[in-house]
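What follows is the residue order along each chain.
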Amino acid sequence: KAGVTQTPRYLIKTRGQQVTLSCSPISGHRSVSWYQQTPGQGLQFLFEYFSETQRNKGNFPGRFSGRQFSNSRSEMNVSTLELGDSALYLCASSSEPGGYTEAFFGQGTRLTVV
Amino acid sequence: KQEVTQIPAALSVPEGENLVLNCSFTDSAIYNLQWFRQDPGKGLTSLLLIQSSQREQTSGRLNASLDKSSGRSTLYIAASQPGDSATYLCAVLHNTDKLIFGTGTRLQVFP
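Same order as they appear, the protein sequences are chains A and B. Those letters in the first sequence? Residues 1 to 114, by the numbering used here. Those letters in the second sequence? Residues 115 to 225, by the numbering used here.
Hints listed in this document are in silico derivations from the structure and should not be mistaken for laboratory results. Do not take every clue at face value.
[As the list claims (entries may be wrong)] Taking beta-carbon pairs under 10 Å as the criterion, some of the chain A residues facing chain B (in silico): (1) 4; (2) 8; (3) 33; (4) 37; (5) 48; (6) 56; (7) 60; (8) 82; (9) 86; (10) 88; (11) 97; (12) 100; (13) 103; (14) 106; (15) 110; (16) 111.
Ideal Cβ positions, reconstructed from N, Cα and C, are used throughout, including at glycine.
Whole structure, please, built from the sequences with the hints as guidance.
See the structure below:
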């Protein structure tokens, strides 16, 4: 059974640009959550999608957005990139929404904004 | 507001030692608690999930306990090995329907 796949693994972008990250969950999982991990703030929740609907959102500006497709794959978009957006972005999939079942994480996308 | 703290922040031990990692949370109204390990620059690997109604879970050399009333969980690692070196994170599911993560314990096991 394939795990959670995140692409790309590494990205370097310039301030002001936008970026799209992709996450394919474990087959059969319909919940995908996104997290930002930085040395200073640790792991912070961005949002969760379940059955193509955003069901929960963290405290991030509107520049951070996402969506989920009918095959449960999810994308996260960050517009007007800032230096502070440099981080490891992780997605997690689970069979049920809300964190009530075990969460399985991908390897992450390392975003560097220069 | 739920806050999750992990102590110690870093730990270095010789191979073979039994270890206890601690996780504390401020609000005992949690639904579950999950332990993860993270290797440098990598994603998180789920280790154990404890539901709020459970007191402990075991997987191989790992045992996690949960005491909701005192707001604490411990991860016990028996007979540590160099391959156990990683950062260990705990996360609680609170009534906000999202996982709240601790700051992690960075473990190094040397031969």
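Query raised in the report: Which of the stated hints cannot be reconciled with the structure, identified by number in ascending sequence?
Result: 2, 7, 8, 9 and 16
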